[in-house]
Every structure is written in structure tokens, then in C-alpha cells.
Amino acid sequence: MRLTCPLCGARDLREFSYRGDARLMRRPAAGAAMEDWHAYLHLRDNPAGPHEELWLHATGCRAWLRVRRDTTTHEVLSVELAAEGRG
Amino acid sequence: MAYSAWDIFKNGLIGQRDWAPVWRDPEPKPRYRVIIIGGGGHGLATAYYLAKVHGISDVAVLERGYLGGGNVGRNTTIVRANYLLPGNSEFYSHSLRLWEGLEQELNYNVMMSQRGVLNLCHSDGQFDAFARRGNAMRIQGDDALLLDRAMVREHAPFLNFEDERFPIRGGLLQPRGGTARHDAVAWGFARGADSLGVDLIQNCAVTGFRMEGGRVTGVETERGYIGADTVGMAVAGRTGQVAEMAGFRLPIESHVLQAFVTEGLKPVIPGVVTFGMGHFYISQSDKGGLVFGGDLDFYNSYAARGNLPMVEHVMEAGMAMIPMIGKARVLRSWGGIMDMSMDGSPIIDRAPIDGLYLNCGWCYGGFKAVPGSGHCFAHLIATGSPHPAATRFRLDRFETGRVLDEEGTGAQPNLH
Amino acid sequence: MSRLPSGGQIDRGQRLGFDFDGKRYGGHPGDTLASALLANDVRLVGRSFKYHRPRGILSAGSEEPNALVEIRAGGALSPNTRATVQELYDGLRATSQNRWPSLRFDALEVNDLFSPFLAAGFYYKTFMWPKAFWERVYEPLIRRAAGLGRLSGKPDGEPYDKAFAHCDLLVIGAGPAGLMAALTAAEAGAEVILAEEDFALGGRLLAEQLEVDEMPAAAWAAATVERLSAMANVQIMARTTITGAYDGGTFGAYERVGEHLGALPPDLPCGTFWRIAARRAILAGGAHERLIAFPGNDRPGVMLASAVRTYLNRFAVTPGQRVAIYTDNDDGWRTAEDLLSAGVSVVGLIDSRADAAPKLDCPVIAGGAIVGTEGRLGLRAVTVRTESGTRRLEVDTLAVSGGWNPAVHLTCHMNGRPVWDDAIAAFVPHPGAIPGMEVAGAAAGRFSTHAALEAGRAAASRVLDDLSIAHTAPDLPAAEDAPTRISPVWHVAGKGRAWIDLQNDVTVKDVALSAQENFRSVEHMKRYTTLGMATDQGKTANVVGLAVLAELTGRTVEETGTTTFRPPYSPVPIAAMAGRAGGSHFQPHRHPPSHRFSSERRAAFVEAGLWHRASFYPAEGEHHWRQSCDREVRMVRESVGVCDVTTLGKIDVQGPDAATFLDRVYANTFSTLAVGRVRYGLMLREDGFVMDDGTTARLGEQHYLMTTTTGAAGQVMDHLDFAAQVLWPELDVSFISVTEQWAQFAVAGPKARELLSGVIEGPVDDTAFPFMGCGPVTVAGVQGRLFRISFSGELGYEVAVPARFGASLFRELVRRAEALGGGPYGMEALNVLRIEKGFLTHAELHGRTSADDLGLGRMVSAKKDCIGKVMAGRPGLSGPERQQLVGLRPAGPVRKLVAGAHLFSPASQPGPATDDGYLTSVCFSPALGTMIGLGFLRNGRARIGEQVRAVDLLREQDTLCDVVAPQFVDPEGERLRG
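Top to bottom, those sequences are chains Z, A and S. Following the working numbering, the numbering of the first sequence begins with 34 at its first residue and continues without gaps. Following the working numbering, the numbering of the second sequence begins with 12 at its first residue and continues without gaps. Following the working numbering, the numbering of the third sequence begins with 97 at its first residue and continues without gaps.
Check before you lean on any hint, since a few could be wrong.
List time: in silico DSSO-like cross-link candidates among lysine-lysine, alpha-carbon distance up to 27 Å [what the hints assert, rightly or not]:
| id | chain 1 | residue 1 | chain 2 | residue 2 |
| --- | --- | --- | --- | --- |
| 1 | S | K119 | A | K21 |
| 2 | S | K227 | A | K277 |
| 3 | S | K605 | S | K146 |
| 4 | S | K146 | A | K21 |
| 5 | S | K591 | S | K146 |
| 6 | S | K250 | S | K119 |
| 7 | S | K605 | A | K21 |
| 8 | A | K63 | A | K40 |
| 9 | S | K258 | S | K146 |
| 10 | S | K250 | A | K277 |
| 11 | S | K119 | A | K277 |
| 12 | S | K591 | A | K21 |
| 13 | S | K227 | A | K63 |
| 14 | S | K605 | S | K591 |
| 15 | S | K146 | A | K277 |
Don't read these hints as lab results, they were simulated from the structure. Computed from a predicted model, the values in this text were never measured in an experiment.
This is chain Z alone, in the form it adopts within the complex (with noise of 0.2 Å):
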């Protein structure tokens, strides 16, 4: 697999490290409910389908990058830095 970052162009797999669902971006707060809490860090997107997620350029710029990807081909879809990309 190679991502393109938006800083470094395109690179490949290992140069990269994962989190997950892109919902981990949209953190309750501290007076949400339990919940909502809940749903934020256990409850995520699973999809076999297109998926909104986040990776770290971890050993290149050190990007956290907003990445939509289909889970069922690994083909990747759009990337964007996740600290542009809160929409």
C-alpha cells in the first residue's frame, strides 16, 4: 500500500502508522455524557466500504493525515492533513 501525504508525496506503507476511525477526531466534552464517551472511543466505523481514518506519517514529516480508504480493496481515496481536515 502507499499513501500520498500532502507534505512528502507518495510513500510507501511502512513509512506510516495507524489509528483508526476518523470519529477519534471529534472528542466529547468533559461534560458530555457517559454515553457519548463511550460511543467516542469504543463504539467506531467499521465498514467493509469506503472508511474516514486516521494515520501518522510516524518516520516522515510526522503528519497526522485524514485518510478515506475502502476497507475491502485498500484502495485509497483521498488523504488530507487531519489538522485541516475537522469537517
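Once you've looked at the hints, dock chains A and S against the given chain Z.
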């Protein structure tokens, strides 16, 4: 038909004419008392024990592909009961005891081979952690031996003791651990369940659930609607998708784990050896292939195949630990879809919907769990209360914080 | 000798000597081991896996299931080497395998006699009585018979490399399609890699009597290769198997760099495993001819018809003197033609098609089938059945063509399922199965030379268009364009076994039994019979097996479906995919600045992550680590010790929002920390459990220096990056790891200040550096930093200088310490010192402990949010049900404690229900003169003052202990502030 030495002899003389089909291919009935979704090891074992232990044979197992085609057919066949935490400890202990009588129970040779599972450690800290784990195993009533470096060398002289990156400090050996013939386990349970009246229905994917008043009343399938009083899910790898059909989410991600087998070689590795520093484990099959694997590929996947970085890492770890395997040629690599839960431990519990039961989250430890999981899941479905060996595999533990985190890595599935 | 007097692509000028099973033979450069064996009339080469049937050479490629041998010796012993791939070199020594005592007389051939009882899956039905016999009797017997070749049992003595390559176009296979594709793309200026498994380029062009562009096909191939070689944008990789197709245009490839050389030159690896990133790929890997399952089809001398042509045309070897051909398609006729033109006697051409009428100068038996063979160690005769009866033909070789299977393997690696094509009676690749890959020529089911050339050019053209590379297509050379005519015969009924999978001894009867027992899914059949699971992974067997299953179950092949092919395409040595990263090179070694000093002092080392840290420094006369450790501990408690703590993670945090950021990632508060002060920090994971701890210093208003534990440095860095970029990108904060930039040494003990006063310019007293103070200092003229912190409980400092000064500063500190009666101390002493104080390490911070468990619950600030705060409030993370940190001291006659022991109430019997906790860390405390331990005990804080048993069943220890607070020495911290 029951297998006996006489049958083997007789059929040898008559050109194998007399062997009956191992299972029927029944048409689905309109309604069953229990439907088990998933004809893998767990689903088939559940159906078997429902019929055998609880006398419930009005059961259908619905399988989207062929029986035993999921992870039970694509794992590295390791059986062990060497867990640390209460919850896992008693469950895997229970499962291992079931394994030990499985051939006689099923009248089918699953080739359970207790040649030992040796885990290696490389520092005093890891050695202490192994001592804690070994004691937990002994307290549970299982076997465990703590080996120092010299004892490891005696047990497994083929390991690297000369040119080591992580010198072997010692090991934890479970002599009763070992391997079994994975396909045979699925087939043995399938044959047993079928002979007790369970309908095994292949090529019958579930496409949806029907519910009335918050209760499951049946499932939609590729072969039409099938009604049921109770539905059990045993679809590890696809749990998220099936749960989605039922309208709820689970603390599970699907990940790919690769495994490898070499060409057949004369036996050199007697039991199972694991190398924690490299996430590497290896055994040698009765056919002669070295069967080995490593860590998850680390990204969510339903593709049942991995990529080269992990392939190479596994080979490097193998060469670090057992340099004599260098000339063995890798024959085949494959991937399985792992049901990775948020704490690395499974769930056997009621679903948030009445009449629906969950058996999921087996991570990469599902094979050794097959008899225990089937036994405990059948108990839950039949009696409505958890089996004593599986009381802590609760779904609500993520909300209460009573998680079973063997690795201590938290809610990060790819690290378990 | 079966070498023809002329022809072939071998160098007759040179003779190469080689051994097979100890017997000496000769061959020529250009030979494979298989062609050289055939040239020397060696026909018996191996034994099958299950029945130990005598076997010869079937094929001329990597799909060979029979002719597997061991070559080389010692650590280089290479089992299961395909004689059909292995190039001959002078001095090659090959040995047959899976036989005892010899290839001709193999004791386990007895299995063949018992074969009626050893049908598919028989072992699932037996070996169960009596129960204990499985492990004691049956399985050992089965394992003794397992496997084919042997491993040496020694470390692999030969080096392997790994490499990356990048290209616009990867062409896989250098037959007519591949050569034409490579030429088309190369002439357009694309960066092309042309990979070929064989050592010679040309594919079937090397093996056929064909003309391309009005010259012999092999000559055209050579000329084309020469043209390509001259182009700077083309990389030709012979002896290179593309092993797998992976995501994003990545391919694995194994290049057999030195496997064809007798002795490996010092600068060459045995092989190189390549990772090729290709923008596009063209698969032109050709096709494999298949066998027909007729009775007795496994004898040495039964060969694939195309292989017979390969040996004849390329190697100038005739596999036999009296040859028959059995075919169900026109391709078999070519073998007859080539044999006849080489002057070999063709006893008969048996074509299964009744209307077959080839114009050949040999007996043709149309509508015939082979129903039996003779010859134990080599074929002697075949029996042919026609409508008019049966005939026996005396032959020594039978060339069989059951049609061709396109090499679809790579197209299956990403789950693509091949598609059945009735016209050629074979599977062809699923279009688009691998993104960015085209399939051309025989691999796509287009078998004529013309079609292959045309398809190669067209595929390259499409790729070039796709990549927007302007091109003009080269002229298409003239070549034959024979149609594919086949009327497939999968198996021939008759008396005797008809093999499908030769190596695993799977016969038509086994497939029939599998269907009879309702193992009718292709996957069930494969797994039940082991068909397709041999070293060729079904290249020779799968399609025939599927077709037989389809016939037996009354389905079409299409309905029956297919099993899939997975990487690698052909087997690759483990060592090759590990490259140089085996043994001690598995992971990097990290050495702190004191490493050389410690080595000189004969220190023992301990692994800490990738670091090697000094464990203890043995002094004159010390023979046991405890002697050194106890001395070092006393030294720190009584005078002064120096310890290298560079390995701790150091993260420099700066920016206007640095304080806010730290407040959010730490459980406790850092915005209130004064400049010039240090604070202990506790970091939680978002799930509320403790992730790490460490001290963080405030160096300036907007400048902090965080330390992490050695093992968690990387994890914490990822975590901070996540928090800053993903959770709170609005915060203006920057940070970077400076672990490697700063050397840092602990100086601890009552004389620590005295020692440092001599090295550091300016005062280091309580005013300048109060407890938990920090600031810049000048150390021997170098700008450094001083922190008044302690992990030992003694008056302690940590002094930091840029890493390049670390080694000399450490020596200087040790020299001064020794002058004061102190010296260096290692991890063992450090551990004792911290246990005596109840400080934590990864033994306690193992990812399953909460702040409350550790007695640090009050550190989680109530005044602010932080990562992990909410989830730490879940009921399961605190309270009496939890095991809490306590100290333990032996209270009875047994004085020994071992880490990993579990804790029980004195009265209870050890069992799962009574298990109350465990010991994490133990040591002998020189200060107290006894062993002490830290551990987690259920509701432990409330049980201080009670007694528990520490039971270790593994080492048979049972120690009665007092439960005490987890601080054994100086609980008030007076010495720290000293």
C-alpha cells in the same frame, strides 16, 4: 455413521464405497427454535453443544459460503490456555479441557497435538510478567513451567543463542498447549451437529433481521426468510456488518492478520514457539510445513490479505529467533479478518436486542476457543444465563471499565 | 546419452561436472539440473509425498511437482530445489529427498501397497483408539513421514539483500508478449523493468521451432533483448520471480542473484528480495500446460508435451528414444513434429479427438485414450484404448498435453477470481483484478505467437496512453497465428489410479470420495484431499481437479468455482525476505553516551526497548550481581552514584499554548508550574488508565521540557502529536523529541552536591537549585541544564549536556564520584533504590493500572479536563474491587520474595476465587536488610497492617508478608530535600 477401525479396513477392501456423506445439505425450514449465523468453528460448535448438551436440535446454522470457510480454515492452529486475567483464564482453561477429549467426543480425529507452547522472554521485567502469568495458569489448575535460559536451550536448542538481538532470558512453557488440524475441527463439529439433527445450510448469507416489538423474529437470507425464536451471531470478522443489519454498533474493528506456511520439510520444530519481541510464532504441521505468523497489518481491513511490510517483518523476526529456517521456502501466505475488540478479549453476551445473542471479538485467539466458545454460547442461548467459565465476557464492560486488557494497550484494537 | 548432436542454447564448448546422489555426471552452461539429468539418461529423480511413488521430471519450469532435490551443504543446504529451475554449475551436488535408504529402494514405498486403506482424509476417521495412542504412537509415526527435504539445522550461512525499485511499467515475463510490451514502452521513453523468472529471456520462443520476423524465434528474442539492454530506461531482471501483487502498485520480487553460482563471490548475495513500486504493470507470464488424469500417469517418463519440446529445442536433449504423445488439443502435435525433426522415434500420437487428422510422419491414433502404463522406475509401455480395442505401445516417454492454463496467479492476489473460458477450456484473468495491471499473451489465454506479440504491444500502448506518454507503436513482427483447438479430456476412466496432484498423491478416486462424502465445495475438496496444496500450489493440478469434481457432481467447471492463488507465485526462502535483518541485526541497537565506559568497566547490560543500559558494574572480587548491586545501592545511600539516564524520552515543548497543552495531556496541572521548577506528571490514556509518568520542567514562560519513561518515549510522542494535530489544532504549540540531542546523568547521594560543585560553574545549593528546581548551568565550559530531581530518594540531580559531550562528562562525573567514595551505578541498583522509595516503573505502569490503583488518584486535577479524565471515572477503575499498590515485607520464617507471585489471605487456599493480587517488583533492600516488594492487592490500601501470603506455584515459594505502605525508606522525603 460412526467411524471405526473396521470401517477403514472394510472400505479399503471395497474401494471406499461405503462412506456416507459427512453432512446433509438440507433445504432451510421456514422456522427454527435457534438460528446460528455463521458456519465457522464457533457457530458449528455452538450448534453441536445446543443439540448435545441442551437437547435443542431444532437449530439451523446459516453459512454465507462453505462450512469452516472463515477463520477456522485460515489460522495457525494453535491451542493453549495461558492467559493472565480472570475472565480469560477460566474460559481458555475450560476450552482446553474440551479440546483434550474432542476426538472421542466427536468420533473425528482433529489431531489435537499437545507438543507444548513455549513463549520466550528477553528481560527480567518480562520474566517477572511471565511468572505472574504462569502462576495465574497454575492457580487456574492448568499447567505451566517457568524456564530459565538454560532450560529453554535444552527444550529448544534450535533457537538463536549465539547472535541474538534480544537474548533469551527464559520462557513460559505450557506442555498441554499445541496445535490441532483446523479444518477437521470445523468438519468434526459439523458432522456431529448434523447427526444430531441440526440443519447446516451453506451458501445462505443473511441479509437482514426481522424484528417485532424490539425482539428478533427471524432473518432474511439469500434463500428467503427464516423465522427463529432465538438468533445467535458467530461471525467473527464480519461482526460489525451483521450487527449493522440489526441496527447496533459494537466495540469491534475488523483487521487483517497474515499467516505463512513453507514447503514441506522433515520435522525440526517439535512444538509451538513464540517470540514476543518480534511478534512471531511458529510450529510445524504434521505434514511438514512450517506454519508461522506475526502481528496484525495494523489497518482496518476486510480484504483477507495483507501487505509486504508485515510479511518482511515476520520473516525478519523468524530469522532473528531461528536462523536455521532461512532456506525454508515460503509456499503460501494468506490473511484472515480478525474481530478485534477494544480490549483484546471476546464477547459472549446478549445483544442489545431481545432474542439476539453475540459471540464475537475473538481477535486472533478464536481457534483455541472453538470448543469453549461453542459450549459457553450454547449454554447462554439455552439457559439465558452465562456459563460459569464465561461470566466476564460482557458487552457492557467497556462502559463500566471492567475491561479484560491482557496486553495493557487500551482501546486500540490493532495493538492487542 | 540423450544429448542431441547439435542445436540448443547451451555452450557445448564448456563442460560442467555435477553429482546426483553421489554419482558424477556432466552438462553444459545453459543447462538446468533437469536438462542435464535427462541428457545423462537419469529419469528417476524423486519420490512422491504420501505413497513414495518413483517420480521423474514432469515439466521444465518452476511448477515442477516431482523433481525436487537438495543442493548445497552445511548451512547453505537448500531443500526442495526444483531441478527444472536450478541452473547447472560446475561442482553442483544434488541429492534426492524423501526416500530411505535410497531413491531406487525406498522403504516407505510400502505405503503404496497400503494405498487402498489410505484414501483421502482417512486420518480423520482413525488413529483415535485407544486415546493415548495418538500422541505416543500414531502422531510420531506420521511426523516421521512428514515433509520432503531437510533443513540443515544450522544458521543459513548465505547473505540475502533487500532492495526497492521504482518504474513506470513493470513487465512480468519476457516471452513474446512481454518482450513486445517492454519494447513498445521503452521506445516511448518510459522507465521499464522487465522481470523474468528464467535465467534466459524469451519464454516459449526459446523452446519452440518457430520463426518470428523471419528468423528463428530464439534469435528474435535475443536480438530484442539486446535492443532493450542498450536502453538506459530499461532494467532487465532475469532470474527474478514476481512473487506477489500488493496494494498501490507494489510488487514483491525474488531475484536469484547467486543461486546459480557454485561459490558465492564475497560481494554477491545469494538472492535479493525486491519491493517494486510500479505505476503500471503488464502481466505476460505465459501459461502452464496441464496433465490428463489417466491410469498410471505418474511414472517417470510421463512428461508434459511442451516440456518435451523445451528439452529438445532449448537444451538439445531428447527425454526418450521411443516417445508417444497423448493430447486433447492441437498443441500436442507440435511435440510430435519437433521430435520427428530431431530424429526421435515417435511411436504414436494419441489424440483424444476422433476427428483429429494431423499431417505427421508417425502413427496417429485418433479418438484414443491411455488407460494404463507400465514400468516401476521408468515408463516402459502404455496401453491405448480406442473404439476398436486396446493396444500396448512400448515407449520410454509419454508426452501429454491436456491443454494450457493461463498463469492467472498474480491476478488472484487481490482477491480477483479468474473467469472460465470455454473456448480454451481454462480460466483467464478477471479483467481489472489488479488495479493498474494489464494482462497480455498466453497469460490472458491468447496462445499464438502472433496474438502474444500483438497483445503485448497493445497493452503497452494502453499503459502509455494512460500515463500520457507519447509513443509510436513498433512494427509487429510476423509470426504464426495457429488457432487454439481443444476438446478437453480431464480424466480417463480405467483400472488403476489416475493422479491429479502428483506430489501429494491425490487421484481421481480421492476427488470422487470427497464428493461422495459431500465435500463438494472446491475448498472442501481441496482441504479434504490436499489437492493443490503441494509445493506447486496447484499449478499442475488445480484445474484438472476442479474439472473432475465438476464432472462427478454434475456441474460445470464454472459452477464449481475455483480455489484461489495467493502469494508467493513460486516459493521464496524465508532468509531472502528477511534480508540482512536477521540475528543481531533484527532491530537497531541504541547505546547511551556512557556505553563505551560501561563496556570498559565490564558492565552487564540489560535491554530497555532498543537501548542497552548498564545493569551493574562489577568491582574487583565481586562474582555475583547481587554483590555489585548491593554495593552500588549503599554507595548511593552513603556517598554518591552516577547513572546514565539519557534513555528517558525528552520532548521539548514550546509555544504560547504550551502550558494549556500540557494541562490537557497530563492529569495534573502544569500551567501553574513556575519557571525554573520541575513537577512529576502523570499521563492517562483516553480510556482512563495510566499511560506514562515522568518529570516535566518549565524552562521558560512558553518552554517546557517533558521526560517520559524509556519504553514509552515513542508512544508518548505519537500521543502528543495526535493531541496537538487531531484534537486541538487551534493550540499554538510545537514540540520535538530531543532524546538523542541531550545526554543526561543522575548524580545521587549525600555527596551529590559536593561532586557537582566541582563540575558546575556557580552554586548548586538549595537557593540556586532547591528540591524540584531546574535551570541552565555551565558544565566544564559547556552550556547544559541541571534538574534537582531524584529517582533514588537521595539528594539528587540530573545534569544534561548536548549529547556530543556526554561520554566525556560521564567519565568525569565517575572520576569525581570515585574520589568521594562513590562511583557509577546501573539499572539493578536504580531499581532497588526506586523500590525502596515506592517509585514506579513499567512493572507497575503496565497499561492496566489506574491512577487510583497507584494511590495517585488525587493527581487527577478536578479543576480541568484532561485526556482520560472522564473515562477514569468509570466504576471499574477505582474502589475496593480493584487491586491497589502496596508494599510487602516478609513476616515469617520464609524471607524470599519473587516477582510474579500471587497474593492470598493467610487462611485461604490458592485458587481463582481467592487470588487477591500479585507482586510486581521485588529486591533485597540493603537499607532494611530484608527482601521487600511492591505489588497490587485487592482493596490493598485498606489492608495495610494485615498479612498476606505471596505464593509462587512455579517456583514453590510461599512467603507470609506484612502489608505495608509502598515506601520503605525515608517515607517523609527528608533525604531528598537534604
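Going down the list of hints, with the structure as the test:
1. Restraint check for S:K119 and A:K21: the C-alpha separation of about 45 Å exceeds 27 Å, so the hint is violated.
2. With a C-alpha separation of about 26 Å, the suggested pair S:K227 and A:K277 falls inside the 27 Å cut-off, and the hint holds.
3. Between the alpha carbons of S:K605 and S:K146 the distance comes to roughly 15 Å, so the proposed pair stays at or under 27 Å and holds.
4. For the suggested pair S:K146 and A:K21, the alpha carbons sit about 21 Å apart, so the restraint of at most 27 Å is met.
5. This hinted pair checks out: S:K591 and S:K146 have alpha carbons roughly 20 Å apart, not beyond 27 Å.
6. Proposed proximity of S:K250 and S:K119 is supported: the alpha carbons are some 26 Å apart, at most 27 Å.
7. Our distance criterion of 27 Å between C-alpha atoms is met by S:K605 and A:K21, whose separation comes to about 16 Å.
8. The straight-line distance between the Cα atoms of A:K63 and A:K40 is roughly 21 Å, inside the 27 Å bound, and the hint therefore holds.
9. Distance hint between S:K258 and S:K146 is unfulfilled; the C-alpha atoms sit about 36 Å from each other, more than 27 Å.
10. About 14 Å separates the Cα atoms of S:K250 and A:K277, which keeps this hinted pair within 27 Å; it holds.
11. Annotation: proposed proximity of S:K119 to A:K277 holds, straight-line Cα distance about 24 Å (limit 27 Å).
12. Restraint check for S:K591 and A:K21: the C-alpha separation of about 20 Å stays at or below 27 Å, so the hint holds.
13. Annotation: proposed proximity of S:K227 to A:K63 holds, straight-line Cα distance about 21 Å (limit 27 Å).
14. The straight-line distance between the Cα atoms of S:K605 and S:K591 is roughly 11 Å, inside the 27 Å bound, and the hint therefore holds.
15. With a C-alpha separation of about 13 Å, the suggested pairing of S:K146 with A:K277 holds against the 27 Å cut-off.
Checked against the numbered hints given earlier, the structure breaks hints 1, 9 and satisfies all the rest.
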